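Fit chain B with the ligands to the given chain A structure using the hints.
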Amino acid sequence: MESYDLIVVGAGPGGSVAAMTAAEQGLKTLVLERANYPGEKNASGFALSSKGERDFPFLKEVEFPSMRVGRRTQAHFLSPPPEMEERFSMVTTTSRRISYPEGRDYFVKTMYRPELDRYLAERAVQKGAELKLKTLVTGMVWEAGKVCGVRAEGGEEYRAPVVIGADGVMSMTARMAGLREKFGRDEVVSLCTVDYAVPKERADAVIHENCFQTYFAPGFGGLYLIVMADGVHVGGPGVTNSLISRAVRKRVNPAREVLEMINCPPIQRQLTALDARPREWQAHMLPWMDQFNRRIYTGGFMLVGDAAGVPEPLWAEGVWQAMYSGRLAAQVAQEALQEGDTSATSLERYCDRLEQSPVGQEFIAGVQLRQLFEMLGDPVIFDEACDLLVDLSNNMLWNCQEPKAVSINRLFPILFENLPLLMGMLRVYAPILLETGGENLRKRLEMIKGVAAMVSQMTGGEVEA
Amino acid sequence: MNREERRPERLNRFALSEIIPAPKDFIFFDADKCTGCSGCVVICPMDLWKLREGRARLAEDYREKCMECGSCYIACESGAIDFTYPPGGSGVVYKFA
Ligand SMILES: Cc1cc2nc3c(=O)[nH]c(=O)nc-3n(C[C@H](O)[C@H](O)[C@H](O)COP(=O)(O)OP(=O)(O)OC[C@H]3O[C@@H](n4cnc5c(N)ncnc54)[C@H](O)[C@@H]3O)c2cc1C
Ligand code: SF4
Ligand code: SF4
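Taken in sequence, the protein lines are chains A and B. Be aware that the first sequence starts at 12, since it is given in our numbering, and climbs by one per residue. Be aware that the second sequence starts at 45, since it is given in our numbering, and climbs by one per residue.
Think of the hints as simulated: they come from the structure by calculation, not from any bench. Please note that the accuracy of each hint is not assured.
Covered stretches of chain B, as calculated for chain A (at least 3 residues, CB under 8 Å) [claimed, not checked]:
hint, region
1, 66-72
2, 86-97
3, 113-119
4, 133-141
Estimated spans, in silico, between C-beta atoms of each pair [as the list claims (entries may be wrong)]:
hint, chain 1, residue 1, chain 2, residue 2, range
5, A, ARG186, B, ASN56, 46 to 56 Å
6, B, ILE64, A, PRO276, 30 to 40 Å
7, B, LEU60, A, GLU212, 20 to 30 Å
8, A, LYS39, B, PRO67, 39 to 49 Å
9, B, THR79, A, ASP301, 24 to 34 Å
10, B, ASP126, A, TRP409, 39 to 49 Å
11, A, ARG213, B, LEU60, 19 to 29 Å
12, A, SER256, B, GLY98, 16 to 26 Å
13, A, MET458, B, GLU62, 57 to 67 Å
14, B, ASN56, A, ALA284, 44 to 54 Å
15, A, MET434, B, GLU62, 44 to 54 Å
16, B, GLU62, A, PRO276, 23 to 33 Å
Bear in mind the structure is a predicted one, so any value in this text is a computation, not a measurement. The beta carbon of each residue, even a glycine, is placed where N, CA and C say it ideally should be.
Excised from the complex, chain A in its bound form (with noise of 0.2 Å):
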C-alpha cells in the first residue's frame, strides 16, 4: 500500500491539471489512468475555446501539430429532407465586445485530443505528479465514513486523504463515492463522430480560419464540422436528438442520424473539396446538464470536469470546464489539507466557489437557452424560423427581382407576421435578461426612447423624449 495527499482518477483535462496544481503546491500526487496514454478514450470532435488561454495562460506557448485557429464560425440552416440543401448561412467573427483580448482574437483553436491529454499530463508529471497509465480503478477505500484511497483492480491499494473523481462522463468513483448511481436519461447525451483526414494544403485553402461549422436541418438534431490542421470532425447529433431520453422516446438511433445527415449534399460539398478520406469512428457520452449539480464531494472526495456534469449547457463545451473545476479542486484540497479537515463540510466550499464563478454562472442560462434548441428541433418552427432569416436578408438586402422600395417596405409586414416566432424567442430571453441585466434592460429602454424621439424628429412628428 503506497500514502499520497492526493490521488486522481482520469487523466483527462480535469484529472492533469488537478494533478499539475497540486504538485506544484507540493503536495504528493497520484494520477491514475485506464488507458495506455492519456487521450486514447475521449472521443470528441474538438475546439478549445479561448477561455482556455485566458485562465490557464501556459497554453498561449503550445503548438501542437494538428492546432488550427478559428477566428470564424458559420451556421448552415438545411431545407427539409429529401432536398437538404443550403438556405440560409451566415459567417461570423469574434466580437469586438469581447472583455478580454484572447476572446477577441479567435473563437476557438481546434486539435486532437491525444495531443492536449498528453501535453497535460506530461506538465502534471513534469511537476512532479506520478502518473500510472493501464490503470482501471475499480473500488475506494474508506475511513471513518470518508473516502481514503482506492483501489485499481488488480487489488492494489493507494491510500490518500483527498480523492479526485475526474474519470468522465461515466464516473464509476462518484458512484463508488455515494454521490450517484449514474446520470440519468435527461442528463447525457450520446453522441457519434466521424473523423477524416485531410491534406494539411486543402484545409488551408477550402476552410482557412473558419474551422468550427454546424450544420441545422429540421427534424435533426444537427452536426458540427470540425476543421484540425491536417483533419476534419464531422459529429453531432444535437441535444434535442441526442439526449438519451429524447432519443429513445423519438426512436432516433443517434449513430444513424450522423451518418445520414453527412450524406446531405452541402456537407458532401465540403468534404469533397477537402478531399477528406474517412479515417475513424468514435462513439461518446457527454453531460448536457440544465442545472448547476451540487451532488459533487463528500468526505474525502471531489468529482471535476464532465463526471461533475459541468460542461455549459447551450454548446456542451467541456474542456476549459474541466481545466478550472480540476484547478479548483486541487487548490481546495491544499487548504483542507492544510487545516487537517477534509471533511464534507469543508470541502463544500469547493463547490460553493465553483458554482459562483464562470463554470457555474454559465447555468444561470442555460435552462432557457436549452429551448432554442428544442424550438428548433420542432420542424414547423425551424421552416419558419429559416423563412423569417431569408425573407429579411433578401428584402433588405439581396434583392434584384423588384425595386427595392417595394421589398424594403415588406419589413413590417415580414415582422409583424412572425410576431408569435418572435415572440417565443423573446420568451427565452427575457427572463434571462431581467435576472442577469435589470439595470442594463433599463438603461437600454432609455436609449430606446431617445431613438424613437430622433425618428420622429426626421419624420416630421414632435415627440418629447
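Okay, now just chain B with the ligands, sitting in the frame of chain A:
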C-alpha cells in the same frame, strides 16, 4: 421513399474503429430485470443490442465491437444493464479524437 433508402450508409463503422478486445466481460445483463422497453436497442451506436421474444440480447462478440460509450447503461432504467470498463489497457483506441 424513406430516409435510409434515399441515402445508403457509405461509411463502415466497424472497419473504422480499432479495439483491443477486453480479456473479460464488462457489460452485465440481467434478463430477469429486462422489461423489453428497447431503450438499449435504439441508442447503441454499434447496433449491439437486439430484442428477441420481448427481451434484450447483447451481441456475443460485443468485446470486439463495443465503443464503451455507456449509452445502453444510461438508457436502461430497469437496472438490467450494468457496466464497468474493460480492464486497463484494453478496449477501444481513439487515435484521432
Ligand atoms: C463528440 C464530443 C465532442 C465534444 N466537443 C467538445 C469541444 O469541441 N470542446 C470542448 O471543450 N469540449 C468538447 N466535448 C466535451 C469534452 O470532451 C469533455 O467535457 C472533456 O473531455 C471532459 O474532460 P474530463 O477530464 O472531465 O473527462 P475525460 O476527458 O472524459 O477524461 C476522463 C479520463 O478518465 C479515465 N477513466 C475513466 N474511468 C476510469 C477509472 N475507473 N480508472 C482510471 N481511469 C479512468 C478515462 O480513460 C479518461 O482518460 C465534446 C465531447 C464529445 C463526446
Ligand atoms: S457501451 Fe455503447 S457501444 Fe457498447 S453496447 Fe453499450 S451502447 Fe453499444
Ligand atoms: S433498456 Fe434495459 S429494460 Fe429496456 S430493453 Fe434494454 S435491457 Fe431491457
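Each hint, compared with the structure:
1. Coverage of a stretch by a chain is defined here by at least three residues with a beta carbon nearer than 8 Å to that chain's beta carbons; for the region 66-72 of chain B and chain A the count is 0, and the condition is violated.
2. Restraint check on the region 86-97 of chain B versus chain A: 6 residues with Cβ-Cβ distances below 8 Å, three needed, restraint holds.
3. For the region 113-119 of chain B, the stated coverage by chain A holds: 6 residues have a C-beta nearer than 8 Å to a C-beta of that chain, and at least 3 were required.
4. By the rule of at least three residues with a Cβ nearer than 8 Å to a Cβ of chain A, the coverage given for the region 133-141 of chain B holds, with 8 such residues.
5. For ARG186/A and ASN56/B, the hinted distance range of 46 to 56 Å is not satisfied, since their beta carbons lie about 35 Å from each other.
6. About 38 Å separates the C-beta atoms of ILE64/B and PRO276/A, a value consistent with the hinted range of 30 to 40 Å.
7. In this structure the hint that LEU60/B and GLU212/A lie 20 to 30 Å apart at CB holds, the actual value being about 24 Å.
8. A C-beta distance of roughly 32 Å is found between LYS39/A and PRO67/B, which places it outside the suggested range of 39 to 49 Å.
9. THR79/B and ASP301/A have their C-beta atoms about 28 Å apart, which keeps the hinted 24 to 34 Å range intact.
10. Distance hint check: the CB atoms of ASP126/B and TRP409/A are about 57 Å apart, inconsistent with the given range 39 to 49 Å.
11. A hinted range of 19 to 29 Å holds for the C-beta pair ARG213/A and LEU60/B, which are about 20 Å apart.
12. Separation of SER256/A from GLY98/B is about 22 Å and conforms to the stated range, judged on CB atoms against 16 to 26 Å.
13. Checked against the hint of 57 to 67 Å, the C-beta distance between MET458/A and GLU62/B comes to roughly 58 Å, which is consistent with it.
14. Hint check: ASN56/B to ALA284/A, Cβ distance near 23 Å, so the stated range 44 to 54 Å is violated.
15. Distance hint check for MET434/A and GLU62/B: the Cβ-Cβ separation is about 51 Å, which falls inside the suggested range of 44 to 54 Å.
16. Separation of GLU62/B from PRO276/A is about 30 Å and conforms to the stated range, judged on CB atoms against 23 to 33 Å.
The earlier numbered hints that this structure contradicts are 1, 5, 8, 10 and 14.
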